[in-house]
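One-letter residues, chain by chain:
4 protein chains.
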Amino acid sequence: MAEPSSQSTYYNEIAGASIHRLAGISDGIFAVGMTILVLTLAVPAANEVRTDSDLWKALVHLLPGVVTYFMSFLTLGIFWVGQQTQLSQVERSDRDYTWINLAFLLFVTLVPFSTALLAAFYQSRIALVEYWLNILVLGVLILAGAEYAARTHLFNEARRTIIIHAVRRRVYTAQGLYLAATVLCFVDTRLSIGLIVLIQLNYAVAPRIPFLRRL
Amino acid sequence: MAEPSSQSTYYNEIAGASIHRLAGISDGIFAVGMTILVLTLAVPAANEVRTDSDLWKALVHLLPGVVTYFMSFLTLGIFWVGQQTQLSQVERSDRDYTWINLAFLLFVTLVPFSTALLAAFYQSRIALVEYWLNILVLGVLILAGAEYAARTHLFNEARRTIIIHAVRRRVYTAQGLYLAATVLCFVDTRLSIGLIVLIQLNYAVAPRIPFLRRL
Amino acid sequence: MAEPSSQSTYYNEIAGASIHRLAGISDGIFAVGMTILVLTLAVPAANEVRTDSDLWKALVHLLPGVVTYFMSFLTLGIFWVGQQTQLSQVERSDRDYTWINLAFLLFVTLVPFSTALLAAFYQSRIALVEYWLNILVLGVLILAGAEYAARTHLFNEARRTIIIHAVRRRVYTAQGLYLAATVLCFVDTRLSIGLIVLIQLNYAVAPRIPFLRRL
Amino acid sequence: MAEPSSQSTYYNEIAGASIHRLAGISDGIFAVGMTILVLTLAVPAANEVRTDSDLWKALVHLLPGVVTYFMSFLTLGIFWVGQQTQLSQVERSDRDYTWINLAFLLFVTLVPFSTALLAAFYQSRIALVEYWLNILVLGVLILAGAEYAARTHLFNEARRTIIIHAVRRRVYTAQGLYLAATVLCFVDTRLSIGLIVLIQLNYAVAPRIPFLRRL
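Chains as they are written, first to last, in my numbering: chain A, 2 to 216; chain B, 2 to 216; chain C, 2 to 216; chain D, 2 to 216.
Some clues are possibly wrong.
If chains are identical, the list can't say which one is meant, so a pair holds when it fits in one copy or spans any two.
Stated by the list, open to error - Think about it this way: if two alpha-carbon atoms lie no more than 25 Å apart in a straight line, the pair counts; the simulated SDA-like pairs of lysine to any residue are:
hint	residue 1	residue 2
1	Lys58	Val141
2	Lys58	Ile163
3	Lys58	Gly195
4	Lys58	Ser89
5	Lys58	Ile165
6	Lys58	Ile101
7	Lys58	Leu202
8	Lys58	His166
9	Lys58	Leu178
10	Lys58	Gln90
11	Lys58	Phe71
12	Lys58	Arg152
13	Lys58	Leu137
14	Lys58	Phe187
15	Lys58	Glu148
16	Lys58	Ala46
17	Lys58	Val184
18	Lys58	Glu131
19	Lys58	Gln124
20	Lys58	Ala47
21	Lys58	Leu185
None of these hints come from the bench; they were simulated from the model.
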């Protein structure tokens with residue numbers, strides 16, 4: 002164990018092995034990301050507001066920002082639950098699994114930008130497609146994590162098959178729905194946004210409704 | 002367990018089950034929310050301040066911001082203690098309980114906005130009512146979490162009844178007081194703000210005072 | 002246990018009892034506070050910088066901001082170590098101890114404001130005194146926490162006396178030094194800032210130096 | 002144990018001993034730092050964008066910001082994995098080890114500034130050298146932590162030698178590569194940036210590739 006290459010191997014073996022720390026930084030990044038979404042909502046400038054009626058109008062103008070903020074909080078909530086569920090099934094971590102999760106977290110930190118962009122340009126297809134790409138990459142990376150964990154036996158052996166099938170099915174269905182909603186931007190971007198909100202609400206709430214639970 | 006619907010059921014069973022992770026993201030979101038409240042206090046612009054007397058005047062102008070910052074820190078502290086207490090009594094979590102808590106956290110992230118709005122427009126009834134609505138929804142959702150936990154036996158069976166009664170009583174009393182304070186905005190919004198601060202101080206400090214402890 | 006007042010008593014008994022959650026929100030608030038200190042350092046505006054020499058001058062102008070950022074990071078580090086040490090000696094928490102710590106954390110969240118104020122007005126006595134008041138209140142509240150814990154037997158009984166004496170001595174000495182440094186602002190505020198930095202460095206580094214270790 | 006100096010010694014003995022709290026604040030600071038990197042990407046101003054083509058151009062102008070954001074996320078990820086690995090090998094902490102880590106975290110909080118500076122002035126050697134200095138100090142401090150831990154027997158005794166050799170080798174190699182990339186700024190700063198990104202990607206991904214794994 003004295004020559005360089007095995008030292009390096011040894012380092013790679015012990016690196017990134019703590020599921021607890023991975024959960025810690027994930028909770029932290031999700032928490033900061035979810036909280037700074039609110040910065041999308043700029044408080045009206047005091048010098049432009051004279052009366053309560055002015056303030057009311059200014060707040061109404063914030064509505065697209067409120068909708069995208071709500072949508073992005075749901076998005077992050079869904080992916081947080083997804084990653085938490087996956088980590089709870091993983092019996093140990095390793096360097097590569099940690100980096101797949103860090104790549105996933107990189108796109109979590111991008112969500113506040115995508116949200117602010119969409120809030121400012123909610124009628125633009127470019128802003129909508131950028132938002133969709135963000136969700137797509139999050140889905141791809143959460144699936145990549147599960148596939149890697151399944152292949153390298155990080156999951157509990159007995160539940161491995163059912164977990165990976167459940168994750169695949171869930172990611173494919175969800176991403177299919179997001180894609181369909183995004184394609185509708187050729188009709189109207191607001192239609193896409195409304196549909197994405199409904200899909201997110203479904204994933205947050207619907208498992209209680211027998212029919213939708215099957216999605 | 003091979004057909005789709007049971008995979009989906011399986012996923013829903015294992016999803017969001019970690020109380021530890023729920024505590025982690027809650028602490029994170031409260032921590033970020035409580036800290037960015039301070040951004041309400043803008044440092045006076047250097048080019049508008051020539052003398053110590055100018056700086057003093059500029060700081061005095063920050064006073065409404067200081068009061069709302071203090072009030073909101075108390076608000077978040079009260080709800081953090083409330084949620085922490087509830088989670089400490091819950092023996093396991095599930096998907097729905099997690100989502101009720103995420104909905105609660107959504108309105109935690111809204112508090113810095115409501116605070117900045119009220120700091121900028123502390124004489125406006127609209128800003129005050131918006132602030133009150135934020136507190137109201139936080140109260141409703143913390144109660145919803147407790148009701149759900151009681152109904153689905155997430156609480157320790159032996160203490161279930163006493164916990165849910167204590168939470169109900171507490172939420173009803175507090176929300177009644179907030180409502181009364183808010184109604185006073187038809188006299189003067191600053192009266193409402195002062196009263197809300199007193200109510201919060203009561204919840205933070207008063208249990209040490211025998212008479213107020215009963216509230 | 003069925004009548005209201007005992008429900009309320011029961012609630013107060015189980016509220017805020019988790020040291021783990023208190024540590025969680027403390028780490029979160031300190032982490033956010035320490036990180037947003039860097040926002041004091043505004044990146045020079047691109048349209049005012051044409052050459053590398055312009056950029057160099059702009060960076061030199063950031064120097065007061067760098068010093069206060071460094072000083073405040075040390076300040077927060079010292080109080081974080083202090084609170085961590087205290088919590089590690091506490092065997093359980095309660096509602097009142099939690100609220101003393103939340104009051105402490107309120108003034109932790111104020112540090113980024115005090116820092117930005119001092120960076121902008123480092124030659125103003127008002128800004129310096131405000132900064133000092135912030136440190137003073139942090140010291141008072143960390144001592145209040147220790148006194149409360151000692152009086153209500155939250156500390157390990159065997160080590161109680163030595164802990165409270167050590168904390169008192171430490172807070173009195175440190176606050177005495179901060180006061181002395183602040184009084185020097187009547188000569189020059191920069192002298193005060195320099196001295197506070199030295200005091201903080203002493204607390205961070207000096208225990209390795211036999212003579213200073215006694216402070 | 003009653004005289005002052007031993008009280009002080011006692012305090013220093015119990016201070017900063019919690020690895021768990023050190024991990025907590027580290028995860029928090031890394032999480033906030035990694036998330037606020039995204040603030041480097043300013044959403045285009047609504048009044049300057051009329052058409053989708055304007056928005057596209059505005060997004061293309063964000064490209065240097067996207068590259069530095071990506072590079073800094075990788076940088077922070079690499080140092081987070083490095084510190085997590087080191088802490089996982091440490092069997093206990095002490096005051097000095099805690100302060101070496103806090104110094105390390107100070108330069109973690111500086112990364113968002115260095116990133117924003119480089120994004121704004123990516124053709125300036127000064128901005129690049131400042132960025133490199135930030136990485137250099139992070140490397141020096143992570144090595145200092147390992148050297149201290151090895152010297153004071155904080156590591157597991159059996160693995161001590163192999164750990165410290167692995168860390169040294171890793172830090173020397175990485176810092177050598179960063180230095181080489183930085184020197185290339187005398188040709189073109191963009192060349193340096195490109196190379197640093199490649200080095201970071203290597204550390205994140207390459208251990209899977211046999212040849213590069215030896216680095």
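Hints versus structure:
In this assembly of identical chains, lysine 58 and valine 141 lie within 25 Å of each other by CA distance neither inside one copy nor across copies; the values are 41 Å within and 27 Å between. In the homo-oligomer, the alpha carbons of lysine 58 and isoleucine 163 never lie at most 25 Å apart, since the shortest distance is 52 Å inside one protomer and 46 Å across protomers. For a Cα distance limit of 25 Å, the shortest separation of lysine 58 from glycine 195 inside one copy, 22 Å, qualifies, whereas the shortest one across copies, 27 Å, does not. Taking the shortest alpha-carbon separations for lysine 58 and serine 89, neither the intra-copy value of 46 Å nor the inter-copy value of 43 Å comes in at or below 25 Å.
Neither within a single protomer nor between protomers do lysine 58 and isoleucine 165 lie at most 25 Å apart by alpha-carbon distance, with minima of 49 Å and 41 Å respectively. Taking the shortest alpha-carbon separations for lysine 58 and isoleucine 101, neither the intra-copy value of 45 Å nor the inter-copy value of 31 Å comes in at or below 25 Å. Taking CA atoms no more than 25 Å apart as the test, lysine 58 paired with leucine 202 passes in neither setting, with 28 Å inside one copy and 34 Å between copies. Within a single copy, lysine 58 and histidine 166 get their C-alpha atoms no closer than 49 Å, and across copies no closer than 42 Å, so neither meets the 25 Å cut-off.
In the homo-oligomer, the alpha carbons of lysine 58 and leucine 178 never lie at most 25 Å apart, since the shortest distance is 34 Å inside one protomer and 29 Å across protomers. In the homo-oligomer, the alpha carbons of lysine 58 and glutamine 90 never lie at most 25 Å apart, since the shortest distance is 49 Å inside one protomer and 44 Å across protomers. In the homo-oligomer, the alpha carbons of lysine 58 and phenylalanine 71 lie at most 25 Å apart inside one protomer (20 Å), although the nearest pairing across protomers, at 28 Å, exceeds that limit. Within a single copy, lysine 58 and arginine 152 get their C-alpha atoms no closer than 55 Å, and across copies no closer than 42 Å, so neither meets the 25 Å cut-off.
For the identical chains of this complex, lysine 58 and leucine 137 are inter-copy neighbours only, at 23 Å across copies versus 35 Å inside a copy, given an alpha-carbon limit of 25 Å. For a Cα distance limit of 25 Å, the shortest separation of lysine 58 from phenylalanine 187 across copies, 21 Å, qualifies, whereas the shortest one inside one copy, 30 Å, does not. Taking the shortest alpha-carbon separations for lysine 58 and glutamate 148, neither the intra-copy value of 50 Å nor the inter-copy value of 37 Å comes in at or below 25 Å. Within a single copy, lysine 58 and alanine 46 get their C-alpha atoms as close as 12 Å, and across copies as close as 21 Å, so both meet the 25 Å cut-off.
Taking CA atoms no more than 25 Å apart as the test, lysine 58 paired with valine 184 passes between copies only; the shortest distance there is 23 Å, against 32 Å inside one copy. Taking the shortest alpha-carbon separations for lysine 58 and glutamate 131, only the inter-copy value of 14 Å comes in at or below 25 Å, while the best intra-copy value is 29 Å. Proximity of lysine 58 and glutamine 124 under a CA criterion of 25 Å is satisfied in both settings, with 20 Å inside one chain copy and 17 Å between copies. Taking the closest pair of Cα atoms, lysine 58 and alanine 47 come within 25 Å of each other both inside a single copy (13 Å) and across two copies (19 Å).
When the C-alpha separation of lysine 58 and leucine 185 is checked against a cutoff of 25 Å, the pair qualifies only between copies, where the shortest distance is 24 Å, while the shortest distance within a copy is 30 Å.
In the structure shown, a violation is registered for the earlier hints numbered 1, 2, 4, 5, 6, 7, 8, 9, 10, 12 and 15, in ascending order.
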